[in-house]
Amino acid sequence: MSGKNKNKRHAIFFVEGETEKSLLNDFKKIDKDPIKRIIKINLWNTDVKKLLPNLTEVNDIVIIFDTDSKVGIQRFNSNIEAILSRKHSVYLLQQTSNFEHELIYSCNCTQKNLFEEFCKKIVSADNFKNSFIKCTTRLDKLKSLGFSKDRIWSRGLILELSHRNALKNTYSKTIG
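According to our numbering, the residues represented by the sequence shown are 11 to 186, in order.
Accuracy of the hints is not assured; some may be wrong.
Within a straight-line C-alpha distance of at most 30 Å, the following computed BS3-like cross-link-like pairs (lysine-lysine) qualify [unchecked claim]:
1. K153 x K50
2. K139 x K153
3. K50 x K39
4. K151 x K131
5. K183 x K46
6. K183 x K60
7. K144 x K38
8. K46 x K31
9. K144 x K80
10. K159 x K139
11. K50 x K31
12. K46 x K60
Hints were generated in silico from the structure; no laboratory data involved. Fair warning: this is a prediction, and the values are worked out from it, not measured in the lab.
Please put together the full structure from these sequences, using the hints given.
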């Protein structure tokens, strides 16, 4: 990747699952995106206050989250407030529905195309996730499907989070 990331402040990413963590690790290691740390935490059902004391310096916190279930939205909002109260900058990157749907959108492909690229005998989304995590050529496979960093995590927030629109961002802008 170009030298444009050399002056960018490295962000801490909060993700809900191993698939997101795997993809971000590739972005960090292969594409050299400015990612300081990746923490697996679901802010819809886990209290972030126990984690915050470990973040001793002020950081950019990028939260990647699913919207397939809105149970726990009050906790999600409380967690955002807790992070903001520690003077961290917060950026929300919404996965419209879930990770697979976000990849389908960012590759502009069908679910069948996406699943077949990672496992010819996939029968469920769980099979896809396991294959995706184990794959050592994830970025190459995604690029062959037309993957775009400009499209991933780029859509608007759900109505229930519209009061957080000022925190909405895209992956490209976050790393750029």
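Right, here's what the structure says about each hint:
no., hint, verdict
1, K153 x K50, "holds (25 Å)"
2, K139 x K153, "holds (17 Å)"
3, K50 x K39, "holds (18 Å)"
4, K151 x K131, "holds (16 Å)"
5, K183 x K46, "holds (16 Å)"
6, K183 x K60, "holds (29 Å)"
7, K144 x K38, "holds (17 Å)"
8, K46 x K31, "holds (13 Å)"
9, K144 x K80, "holds (29 Å)"
10, K159 x K139, "holds (19 Å)"
11, K50 x K31, "holds (7 Å)"
12, K46 x K60, "holds (20 Å)"
Of the numbered hints listed earlier, not one is contradicted by the structure.
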